[in-house]
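Assemble the whole structure, with the sequences as input and the hints as a guide.
Protein chains: 2
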Amino acid sequence: MKQTVIQYVLGRLHDIGIKDVFGVPGDFAFPVNDAVVAQPGIRWVGCCNELNAGYAADGYARLNGMGAVCTTYGVGELSALAAIAGSYAEHLPIFHLVGMPNMSVQSSRALMHHTLGNGEYDLFARMAEPVVCARAILTPQNAAAETERVIAAARYHRRPVYLAFPADLADQPVLTTAVALETPRSDPATLAFVVDAIAAKVESATQACVLPGILVARLGGRAALQAVVDASGLPFATMFMDKSVLDEQQSAYVGMYDGKLMNEDVRTYVESCDLVLAIGTLMTDFNTGAFTSRLDPGRTIVVSHHHTRIADKTYGSVEIEDVLAAIVDRIRAGKKREGLTTAVSAPSSGSGSDPITAAALYPRLEAFLREDDIIVAETGTISMGLGFARMPAGATFHNQTLWGAIGWATPAAFGAALAAPERRTILMTGEGSHQLTAQEISQFGRLGLRPIVIVLNNNGYLIERLLCKNPDIAYNDVAQWRYTALPEALGCDGWFTARVTSCGELDEALRTASGSTDAAYIEVVTGTYESSPLAAQLGKRMKEIYAT
Amino acid sequence: MKQTVIQYVLGRLHDIGIKDVFGVPGDFAFPVNDAVVAQPGIRWVGCCNELNAGYAADGYARLNGMGAVCTTYGVGELSALAAIAGSYAEHLPIFHLVGMPNMSVQSSRALMHHTLGNGEYDLFARMAEPVVCARAILTPQNAAAETERVIAAARYHRRPVYLAFPADLADQPVLTTAVALETPRSDPATLAFVVDAIAAKVESATQACVLPGILVARLGGRAALQAVVDASGLPFATMFMDKSVLDEQQSAYVGMYDGKLMNEDVRTYVESCDLVLAIGTLMTDFNTGAFTSRLDPGRTIVVSHHHTRIADKTYGSVEIEDVLAAIVDRIRAGKKREGLTTAVSAPSSGSGSDPITAAALYPRLEAFLREDDIIVAETGTISMGLGFARMPAGATFHNQTLWGAIGWATPAAFGAALAAPERRTILMTGEGSHQLTAQEISQFGRLGLRPIVIVLNNNGYLIERLLCKNPDIAYNDVAQWRYTALPEALGCDGWFTARVTSCGELDEALRTASGSTDAAYIEVVTGTYESSPLAAQLGKRMKEIYAT
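Residue numbers (the numbering used here), protein chains in the order written: chain A, 38 to 585; chain B, 38 to 585.
Hints listed in this document are in silico derivations from the structure and should not be mistaken for laboratory results. Take the hints with a grain of salt, since some may be wrong.
For identical chains, the list gives no copy identity; a pair is met inside one copy or between any two copies.
[Claimed, not checked] Taking lysine-lysine pairs in the DSSO-like style, the calculated list, with each CA pair at most 30 Å apart, reads:
#1 Lys506 / Lys56
#2 Lys56 / Lys238
#3 Lys506 / Lys39
#4 Lys506 / Lys577
#5 Lys39 / Lys350
Only a predicted model underlies this, so the values are computations on that prediction, with no experimental measurement involved.
Dropping the structure here:
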C-alpha cells in the first residue's frame, strides 16, 4: 500500500533520528496527530501548550541533534513561533508540523475558527518565514521532493523548517518519489588551501589556542573537535554559549573566556595568542563579555559551518567537518604549547543557619554535579553563575545564550530528559523565569522522568534589577508562589521537595537529592540581590559598556 | 518640560481609556516599562508570561473597550503574537508596546541577545504585520503623528496595533505635535438612503427580527442597539459569538440561533422572517451552526461597522453608530411583531451521590449566575454548554468564538476582572485548556481579586474526542493534576476550593461559593464523555456538515 503524505514525512523524519514529536493536538491537525500516534518508532508527546512544546523540542534537539513539534493551524502554530525563533537563533533543526484546514475550506475563504476571519489562509505560513530556513505546504505531488528539500535545508543550516499539511491532503497517497539530497562536500582545492593555511599558522605560532564553538556540537562534531585538540596539543578556552562543547576536566582546558567581564588571566592568555582558532563560535554579546573581548582578526582563524575566515578573507565551500577531519593529521603536536592552569573552583562559604549567599550557592551547585549530567540552565543570574562552574567529565551544559527567552529552560529540560533518559537531568532556573512555563513540570511526572529541579527564589527578576535604573521598581516583582507545592499540584508523585533558606538546609537537600534516584524539586531562597559574579559584573558595567 | 516619546504615547492612551498595561519586562523595554510605572493614571500589571499578558489585555478590552500589552523585543513580542492574532480576529483594539534595542545597536548589526543572530532588527515588526491594523516605530519626529494615526486605526478597525520604541529614542523629547484624527462620519446622502431603505423594509415586513452582533458591543453600542429594539418592538435572536450583546431577560429575546444544530424553533422563526436585520454580526462557522443556517440574502440587511448591505448591494461610508441613531426614530413600533416565547431552561437533574452528567451540570451553572456577572467561558464543551444558558440581566458572556485558542480564558478572565472589579467574574474552563495558562491564576491572588473559577475535569480534551476519528487516542489525554491544590501553590490565600464528583457535592460547593465574597476554585469531575448538547451535536454531525 502506498504511503500517505504524512506517513511519508514521518517515515523520513524517523530515518534521520526523530523518535518523539512534541505537541498539542487540534482539529485541523487531526490527520497529522493521528499519523504521529500510529507511526512505528515515533511517540506523540503531549505538552501543556504550544510554546512549551516548542521549547521541549528545542531541548530535545540539543541532545538528539534534531527535534519536532506539531501544532494546529493559527492558534497553535503562532503560539509556538517564539520557540521556533529561539531554535533558529540557536541553530537547532526543528521540524514544525502544522495541520491546516482542508483545501475546500481554504478555497471557500469561509470564516472558520482559528482564522483571522478575513478569508485568508496563507498568512500564518508567511509569518513563519523569518524564523525558518525552509517552508513547504505538502501535497501528494510535492511531498517527496519537498520533504527532501526541507530535510536538506534543516541539516545544512541547522535551523527550523515549517511543514504544513492541509487536512484532506495529509491522508492522500504520495504520488511521486524522491531521493535524499546529498550532503554538501567541500571544494577540494579550497579545502586543501584552507587546511594548509591553518597548519602553517599553527606551526608558526608561539602561543596558540582553540575556541571550541557550539556550532560544532550542533553537528554532532564534539569527538572530531576533541581529536583535533588531542592531536595538536593546543589548549582551549570556552565562551559562554559554547560551554561544555569540549570537556572541561582535561588539562587542555584553560577556562571560560568572557572578555573583560570575568577571568582576567584567561582573557590575557587568549588575547595574547599569536593564533586563535575559533571553530564553530558565534561572536554574540554574551560570548564576548558584552563586546569587551578583543580578538585581532589578523591572528584569528574562524571556521564556520560552511566557510572559513583567515585574516580578512573568507573561503566558501569548505565544510567544517572536512576541515576538522583534515587538520587532525596536519597539526600534530610539534612543540609543547603552554596552556594555563585552570583556576581551582572557589570553596563554598557558609554553613548551618547562614543565609544562602552567592558565594555559598554556586560552589555548592558545582559540587553537586556529576559526570554525564545534563544541566539545563535558564537565562539569568543562575546560568551566569553555573556558566563558570567547572563541568564534570561528560556533563553537558545547555543555555539559550543568544535568544535568551526566559521560560525556555523548564520545558527544554523536559525535552532534554526525554532525549537522554539514561542521564541525570538538572534544571536550574530562577523563579521569575520558571513562572512562564512552570506547568510543564507535570510532564516529567506524567512520563516517569526524574529530574533534579533547582528553583532559585530571589524575589523577582534579579538580572533585570541589576540592569534597570531603579532595581526596586514594581515590574521586577513577581507573584509569590509556594513553589514546593507545585510538583504535587501538577501530579508529580513521589518527588522529594524542599524549600531551603540556609546553608545547612541547602546542604541537606542537595545531599538527599544526590543520594536518591527520585525526582527532586528544591526551592533555594536567597536575598533579593544575591547575584552570581557575572550577573553582578553586568549590572555594574552595562551602562559603561553600551555607552561606547 | 517637554514630554518624551513614551510619555506622549502613554498620555494619549490614558486619554482614550487605558488604565492598565499588562506585560512582562525586559532589558530592551526598560524605558517603556519605567515610563508605564511612572505614568499617572496607568498601572503596570505584571503577568507570568507574554502570551498570558496578551490574553489578559484581550479580556480587559472586552470590558474596557481597549487594552494594552507591553513586551520586550523578539522573545517577548513573539510570545504574545498568538494573543494579538486572537484580538485581531475578535475585533479588539489592543495597543502592543514593544521595546527595541537602541539605534546604535540596530545600525551596528551586532549579534545581540533576543535577536536571531543575523544582524536584522526589523524582522519582528514585520512578523506582526498580518495581525495588526497599523504599525509604527516611534521617533521624536514621528511620535505625535504616528500615535494619532495608530489610535485612529485601532478605533476604526477595532483591531490591535503595534508600537515599537527604540530604547534610546523612547526617552527623547517629542519634537512635533499632532491633533487627534477625526472620527469618520457617514456620508449624509448614503446614510439617508440606507435608513430609508431599512425603515421601508421593516415597515413592509410581516415578520421581522434583529440579530444583534458582537461588533456593536465592540464599539460600546449596546445601549444604542437596545434603543432600536425598544423603539421598534422587533424581537431578536442571538448567535453564539454575539451572546449577551443584548440582555436575554427581556421579552423581545427569542433565543439562541445556531442553524440546524440547536433550537429548531428559533431557527424556523428566524429563517421564516421576511426581514432579518443583522447588526454587527459575523457569519462564522460557530455563529452559523457550522454553516447550517440559511439566511436569504434578499431578506437580510447586514449593518457592519462602516458599511451596510441591503440585498446584493453594499453601501459604504455609513457608520454603524449613525445607522443605529437614525433608525431608532424611523422604525418605531407600528405593528405588533410576534416574537417567540423563549424556551424555559431545562431543570437540573440528579442529586446526592448521583454523578455529574451534562444534564446535571449546565442547568446548575446557569442557576448559579447572577445579574451583572462577567462570565468568561473557554472554547470547548463548557462554553458550548453555557452558551445556551439564559444570562441574568446585565450579565455578560465572553468567549473567543472565532479565534478559539484554548488557554485564552484563564488570563482573559484575569484581565476582565481587573477591568471591572466591582462585578463578579466567573471563569469557566475545561481542565485541558486550563493547563495551557493556569499559572495566571496567581495574578488574581496577587491583586486581591476574587473570581469564581469552575474547572471542568473530564479527563482530557473532550471537544477533540468528539471530533476526531478515535476518541480514546493518546493525544486527547492530558497530565493528571491536583487542580484544587493549585490556588495555594500559586499563592492565592483564603480561596475556597472544592473537588466535586457528585451532584450533592456540586450543589454544596456552588452554594458555598454563592454565599461568600471569597474567591472560589471548584474542580467539577465528570465522565470522560459528558458533553454539552452543542458539543454532542458537533461531534455527531461534523463529518456530515463538512463533507458538503
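Results for each hint:
1. For a Cα distance limit of 30 Å, the shortest separation of Lys506 from Lys56 across copies, 24 Å, qualifies, whereas the shortest one inside one copy, 47 Å, does not.
2. In the homo-oligomer, the alpha carbons of Lys56 and Lys238 never lie at most 30 Å apart, since the shortest distance is 43 Å inside one protomer and 64 Å across protomers.
3. For a Cα distance limit of 30 Å, the shortest separation of Lys506 from Lys39 across copies, 21 Å, qualifies, whereas the shortest one inside one copy, 64 Å, does not.
4. When the C-alpha separation of Lys506 and Lys577 is checked against a cutoff of 30 Å, the pair qualifies only within one copy, where the shortest distance is 12 Å, while the shortest distance between copies is 59 Å.
5. For a Cα distance limit of 30 Å, the shortest separation of Lys39 from Lys350 qualifies neither inside one copy, at 51 Å, nor across copies, at 50 Å.
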